[in-house]
Amino acid sequence: MTAIDPTGAAGPSSGVTGHSLFAPDQRTNARNASEKRFRAYGVVAITLALLALLWLLISIFSAGLPAFRQTFIEIPVTLDAAVLDKAGHGDPKEMASVTTIGYGKQIAKALAEEVKAKGVDAGTLTDKEIGEMVSEDSAANLRNMVLANPKLLGTTVQFQALANGRIDGYFKGRVTMETAARDKNTSPEKLMLADKLRAAGVVVMKFNPGFLTMTDASDKRPEAAGLGVAIIGSLYMMFVVLCLALPIGVAASVYLEEFAPKNRWTDLIEVNIANLAAVPSIVYGILGLGIFINIGGLPRSAPIVGGLVLTLMTLPRIIIPTRAALKAVPPSIRDAALGVGASKLQTVTHHVLPLAMPGVLTGTIIGLAQALGETAPLLLIGMVAFVKDFPGAPPSGLFDPSSALPVQIYNWTQRGDPGFVERASGAIIVLLAFLIVMNTAAIILRRKYERRW
Amino acid sequence: MKDLRLERDVQTSTNKIEARKVQVYYGTNHALKDVDVDILDKTVTAFIGPSGCGKSTFLRCLNRMNDTVASARVEGIITLEGENIYDARVDPVQLRAKIGMVFQKPNPFPKSIYDNVAYGPKIHGLTRNKAELDEVVEGCLRKAALWNEVKDRLQSPGTGLSGGQQQRLCIARAIATSPEVLLMDEPCSALDPIATAQVEELIDELRSQFSVVIVTHSMQQAARVSQKTAFFHLGHLVEYGETGTIFTNPKDPRTESYITGRIG
Numbered sequence: 001m002t003a004i005d006p007t008g009a010a011g012p013s014s015g016v017t018g019h020s021l022f023a024p025d026q027r028t029n030a031r032n033a034s035e036k037r038f039r040a041y042g043v044v045a046i047t048l049a050l051l052a053l054l055w056l057l058i059s060i061f062s063a064g065l066p067a068f069r070q071t072f073i074e075i076p077v078t079l080d081a082a083v084l085d086k087a088g089h090g091d092p093k094e095m096a097s098v099t100t101i102g103y104g105k106q107i108a109k110a111l112a113e114e115v116k117a118k119g120v121d122a123g124t125l126t127d128k129e130i131g132e133m134v135s136e137d138s139a140a141n142l143r144n145m146v147l148a149n150p151k152l153l154g155t156t157v158q159f160q161a162l163a164n165g166r167i168d169g170y171f172k173g174r175v176t177m178e179t180a181a182r183d184k185n186t187s188p189e190k191l192m193l194a195d196k197l198r199a200a201g202v203v204v205m206k207f208n209p210g211f212l213t214m215t216d217a218s219d220k221r222p223e224a225a226g227l228g229v230a231i232i233g234s235l236y237m238m239f240v241v242l243c244l245a246l247p248i249g250v251a252a253s254v255y256l257e258e259f260a261p262k263n264r265w266t267d268l269i270e271v272n273i274a275n276l277a278a279v280p281s282i283v284y285g286i287l288g289l290g291i292f293i294n295i296g297g298l299p300r301s302a303p304i305v306g307g308l309v310l311t312l313m314t315l316p317r318i319i320i321p322t323r324a325a326l327k328a329v330p331p332s333i334r335d336a337a338l339g340v341g342a343s344k345l346q347t348v349t350h351h352v353l354p355l356a357m358p359g360v361l362t363g364t365i366i367g368l369a370q371a372l373g374e375t376a377p378l379l380l381i382g383m384v385a386f387v388k389d390f391p392g393a394p395p396s397g398l399f400d401p402s403s404a405l406p407v408q409i410y411n412w413t414q415r416g417d418p419g420f421v422e423r424a425s426g427a428i429i430v431l432l433a434f435l436i437v438m439n440t441a442a443i444i445l446r447r448k449y450e451r452r453w
Numbered sequence: 001m002k003d004l005r006l007e008r009d010v011q012t013s014t015n016k017i018e019a020r021k022v023q024v025y026y027g028t029n030h031a032l033k034d035v036d037v038d039i040l041d042k043t044v045t046a047f048i049g050p051s052g053c054g055k056s057t058f059l060r061c062l063n064r065m066n067d068t069v070a071s072a073r074v075e076g077i078i079t080l081e082g083e084n085i086y087d088a089r090v091d092p093v094q095l096r097a098k099i100g101m102v103f104q105k106p107n108p109f110p111k112s113i114y115d116n117v118a119y120g121p122k123i124h125g126l127t128r129n130k131a132e133l134d135e136v137v138e139g140c141l142r143k144a145a146l147w148n149e150v151k152d153r154l155q156s157p158g159t160g161l162s163g164g165q166q167q168r169l170c171i172a173r174a175i176a177t178s179p180e181v182l183l184m185d186e187p188c189s190a191l192d193p194i195a196t197a198q199v200e201e202l203i204d205e206l207r208s209q210f211s212v213v214i215v216t217h218s219m220q221q222a223a224r225v226s227q228k229t230a231f232f233h234l235g236h237l238v239e240y241g242e243t244g245t246i247f248t249n250p251k252d253p254r255t256e257s258y259i260t261g262r263i264g
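Residue numbers (the working numbering), protein chains in the order written: chain A, 1 to 453; chain B, 1 to 264.
Among the clues, some could well be false.
Dumping the calculated BS3-like pairs for lysine-lysine here, alpha-carbon to alpha-carbon at most 25 Å [as the list claims (entries may be wrong)]:
| hint | chain 1 | residue 1 | chain 2 | residue 2 |
| --- | --- | --- | --- | --- |
| 1 | A | 344 | B | 122 |
| 2 | A | 262 | A | 327 |
| 3 | B | 105 | A | 327 |
| 4 | B | 111 | A | 448 |
| 5 | A | 116 | A | 105 |
| 6 | B | 105 | A | 344 |
| 7 | A | 184 | A | 151 |
| 8 | B | 33 | B | 21 |
| 9 | A | 105 | A | 184 |
| 10 | A | 344 | B | 251 |
| 11 | B | 130 | B | 105 |
| 12 | A | 86 | A | 184 |
| 13 | A | 128 | A | 220 |
| 14 | A | 172 | A | 151 |
| 15 | B | 98 | A | 344 |
| 16 | A | 184 | A | 172 |
| 17 | B | 251 | B | 33 |
| 18 | A | 327 | B | 111 |
Pulled from the structure, derived: some chain B residues nowhere near chain A, Cβ distances all over 12 Å [claimed, not checked]:
| hint | residue |
| --- | --- |
| 19 | 25 |
| 20 | 40 |
| 21 | 75 |
| 22 | 109 |
| 23 | 130 |
| 24 | 135 |
| 25 | 183 |
| 26 | 219 |
| 27 | 242 |
| 28 | 245 |
| 29 | 262 |
One-sided and incomplete, this derived list gives chain A residues near chain B with beta-carbon spacing under 7 Å [said to hold, decoys possible]:
| hint | residue |
| --- | --- |
| 30 | 31 |
| 31 | 32 |
| 32 | 260 |
| 33 | 331 |
| 34 | 335 |
| 35 | 336 |
| 36 | 339 |
| 37 | 340 |
| 38 | 343 |
| 39 | 346 |
Derived by calculation from the structure, the hints in this document are not laboratory data. The model shown is predicted, which means the values in this text are computed figures rather than measured ones. Just so you know, even glycine gets a beta-carbon here, dropped at the ideal spot from N, CA and C.
Full structure from sequences and hints, please.
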């Protein structure tokens, strides 16, 4: 056959197999089919993973975003000097003898008056019951405000009080008339009044920066709970981890990779570091409890202890990627530096380490991000405690009791009031935001320092 | 080994490096056996031989780069102007400033062209100020026949140059510490013929100031650039002498076999 038949319709003319190229044989069909199946598995796996992620994000955000909005009751409160400062000297020390209950009564009275002034029908509710619509925490806020500025006594201030958690829950759809009827902490009448007050502009719902700045609150006051202490505690711990784990981790990696002789001991150390990275984090908590608190005598619940424990946990997670990054630097660069007479240390600091920097930084930030989200070891060193006071400024603040973001989330999920579910989800959003910022930083640093050789 | 030509040459040119009974072991592997060589000043000496014959190993002994290989052990005496470089008092860092090295693959630092050349003088404190350093950099780049190509982009990265330019940059970097000997480990094996020709020309020019030792796989290259040639085989220095003699009238049958392409 001399003419070329582009269609192949004439069939094979020769060849060992006797097959035309246009008609795939059985083996080829089987191979192609298995490849198609494999690709399908991959697509299915990715789709499932994405759906799971989507579902996670939707559930967290739908549950957590309301935490950033809060119901407030805005009323003018007359600060009666005769009640709040019986001695009449305007001395904050004497005024401190009036407890929050006294201030609470003032707020309740002010709200009842406001209800009447706006001409809102309170139904069968007594003044005391109307007062219960305001968060108990507001009285403390008002008290702090007055003690900080005694001149306010005798004046009428426009006060923004937190609404009670049930009222807040009603506007967020968490509390309904049916549940309120069974709830001894609130009643359908209160909710109806809240509706009317909202129409009258006394009750408003708006963005709540206090969620990020306020301290934790007790079980009955989810509306007053904030992440302030937890965020500061977490930042302090990250500071400790960064200051300790980065230099120690990099120094250890450089020594092991560039200077240490390769013998049985260094092999043993290498295996141990790899194993330490896989040790459950709660083990580090027990270690920290034993060493830093029982033997070292450091205070419980303190960010310094949390930071030390997380440093121990993070070290292998920094050493492993740092060593990998150092290994990835081509030996020709070391030869070049040694060849012009650089010392070993100069070779490392001038050439090898800068080239390994993207890997080191990425490893460090990923290690920090893991440490930021770590809960278990912190439970053991007492960071799960209820902390109402902000820790002081560093360095002494590092020894003050504090909380941490993941522990705060764990803590809130243990609370009875459903208002804390929303708070916990909101805290997860904050934690995720921190992690996204850190991972973005890792990517940016990696891009910035990445060089070709 | 007692080549008459070599002894005649010694009268006209001084010995820069003398190696006596050099043995190198990698672990239990005896890689280099009983090597005796005198390397002359202001001469290009070529080391040739089949792969794994020990020529690169010997080259790396000359500036103690083998120190960086944990399993390597060197015995025997290598002197630079009468001083044993393996003496305990010798700091390899100082030695390597005196004996520069150019590697097989161009390996500029991932820094600017200027910084590549300036690095050696900087770490050895050879210049007192920026102006002097600028001068050294320019001088070395000129000697490496690279100045005209890069003078307008000294701050651009050295890794952005072509292969031949990178290798000449590495040569400039090696001579920036004003070494007395320049070791070159197959400097042209990663280069195209044009870049190779440029580097070879450069080697010939460098001979006026340095003693150059070059390891090469190309016998033509050895013949073109060197005055002295040493042939290594299986860890032995088989023959050492005038390049012309080695290539036209080798004494050892192994040398002849290698040169005519029967072994290696």
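Do the hints match the structure? See the list:
1. Of the pairs offered as hints, the one joining residue 344 of chain A and residue 122 of chain B holds, with about 16 Å between alpha carbons and a cut-off of 25 Å not exceeded.
2. Pair hint residue 262 of chain A plus residue 327 of chain A holds up; C-alpha atoms about 14 Å apart against a cutoff of 25 Å.
3. For the hint linking residue 105 of chain B to residue 327 of chain A, the alpha-carbon distance of about 19 Å falls within 25 Å, and the restraint holds.
4. Our distance criterion of 25 Å between C-alpha atoms is met by residue 111 of chain B and residue 448 of chain A, whose separation comes to about 15 Å.
5. Between residue 116 of chain A and residue 105 of chain A, the direct Cα distance comes to roughly 17 Å. Compliance with the 25 Å bound is thereby established for this hinted pair.
6. Between the alpha carbons of residue 105 of chain B and residue 344 of chain A the distance comes to roughly 21 Å, so the proposed pair stays at or under 25 Å and holds.
7. Under the criterion of a C-alpha separation no larger than 25 Å, the hint pairing residue 184 of chain A with residue 151 of chain A is inconsistent with the structure, at around 39 Å.
8. As the CA atoms of residue 33 of chain B and residue 21 of chain B are separated by approximately 7 Å, the hinted pair is consistent with the 25 Å bound.
9. Between residue 105 of chain A and residue 184 of chain A the alpha-carbon distance is near 20 Å, which keeps this suggested pair within the 25 Å criterion.
10. Proposed proximity of residue 344 of chain A and residue 251 of chain B is contradicted: the alpha carbons are some 44 Å apart, above 25 Å.
11. A C-alpha spacing of about 30 Å is found between residue 130 of chain B and residue 105 of chain B, which places the hinted pair above 25 Å, so the restraint is violated.
12. With a C-alpha separation of about 35 Å, the suggested pairing of residue 86 of chain A with residue 184 of chain A is violated against the 25 Å cut-off.
13. The straight-line distance between the Cα atoms of residue 128 of chain A and residue 220 of chain A is roughly 18 Å, inside the 25 Å bound, and the hint therefore holds.
14. Taken as a hint, the residue 172 of chain A and residue 151 of chain A pair is broken in the structure, with Cα atoms around 37 Å apart against an allowance of 25 Å.
15. For the given pair, residue 98 of chain B sits about 17 Å from residue 344 of chain A by alpha-carbon distance, which is consistent with the 25 Å threshold.
16. For the hint linking residue 184 of chain A to residue 172 of chain A, the alpha-carbon distance of about 19 Å falls within 25 Å, and the restraint holds.
17. The suggested pairing of residue 251 of chain B with residue 33 of chain B holds, with an alpha-carbon distance near 20 Å, which does not exceed 25 Å.
18. Among the hinted pairs, residue 327 of chain A with residue 111 of chain B is consistent with the structure: their alpha-carbon atoms are about 20 Å apart, no more than 25 Å.
19. No beta-carbon of chain A comes within 12 Å of the beta-carbon of residue 25 of chain B; the shortest separation is about 17 Å.
20. No beta-carbon of chain A comes within 12 Å of the beta-carbon of residue 40 of chain B; the shortest separation is about 22 Å.
21. With a minimum CB-CB distance of about 20 Å to chain A, residue 75 of chain B clears the 12 Å threshold, and the non-interface call stands.
22. The Cβ of residue 109 of chain B does not lie farther than 12 Å from every Cβ of chain A; its closest approach is about 6 Å, which violates its non-interface assignment.
23. Distance check on residue 130 of chain B: its Cβ is at least 19 Å (rounded) from any Cβ of chain A, clearing the 12 Å threshold; non-interface status holds.
24. For residue 135 of chain B, the condition that its CB be more than 12 Å from all CB atoms of chain A holds, with the nearest at approximately 18 Å.
25. Non-interface call for residue 183 of chain B relative to chain A: violated, since the shortest CB-CB distance, roughly 8 Å, does not exceed 12 Å.
26. Every Cβ of chain A is farther than 12 Å from the Cβ of residue 219 of chain B; the closest lies at roughly 26 Å, confirming the non-interface assignment.
27. Every CB of chain A lies more than 12 Å from the CB of residue 242 of chain B, the least distance being 29 Å, so the non-interface label holds.
28. Listed as a non-interface residue, residue 245 of chain B keeps its Cβ farther than 12 Å from every Cβ of chain A; the least gap is roughly 32 Å.
29. At roughly 34 Å, the least C-beta separation between residue 262 of chain B and chain A is larger than 12 Å, which holds for a residue marked as non-interface.
30. About 40 Å separates the beta-carbon of residue 31 of chain A from the nearest beta-carbon of chain B, more than 7 Å, and the hint is not met.
31. Using the Cβ-Cβ criterion of 7 Å, the hint placing residue 32 of chain A at the interface with chain B is not satisfied: the shortest such distance is roughly 41 Å.
32. Annotation: interface hint on residue 260 of chain A violated; nearest CB of chain B at approximately 10 Å, more than 7 Å.
33. For residue 331 of chain A, the interface hint is violated, the least distance from its beta-carbon to any beta-carbon of chain B being 9 Å, above 7 Å.
34. Against a cut-off of 7 Å between C-beta atoms, the interface hint on residue 335 of chain A holds, since the closest Cβ of chain B lies about 6 Å away.
35. The interface hint given for residue 336 of chain A is met, as the beta carbon of that residue sits about 4 Å from the closest beta carbon of chain B, less than 7 Å.
36. This hint holds: residue 339 of chain A has a C-beta 4 Å from the nearest C-beta of chain B, less than the 7 Å allowed.
37. Hint status for residue 340 of chain A: holds, given a least beta-carbon distance of 4 Å to chain B, under 7 Å.
38. Because the closest C-beta pair between residue 343 of chain A and chain B is about 5 Å apart, less than 7 Å, the hint holds.
39. Taking 7 Å as the C-beta cut-off, the interface hint given for residue 346 of chain A holds, the closest approach to chain B being about 6 Å.
Of the numbered hints given earlier, the model fails hints 7, 10, 11, 12, 14, 22, 25, 30, 31, 32, 33; all others are met.
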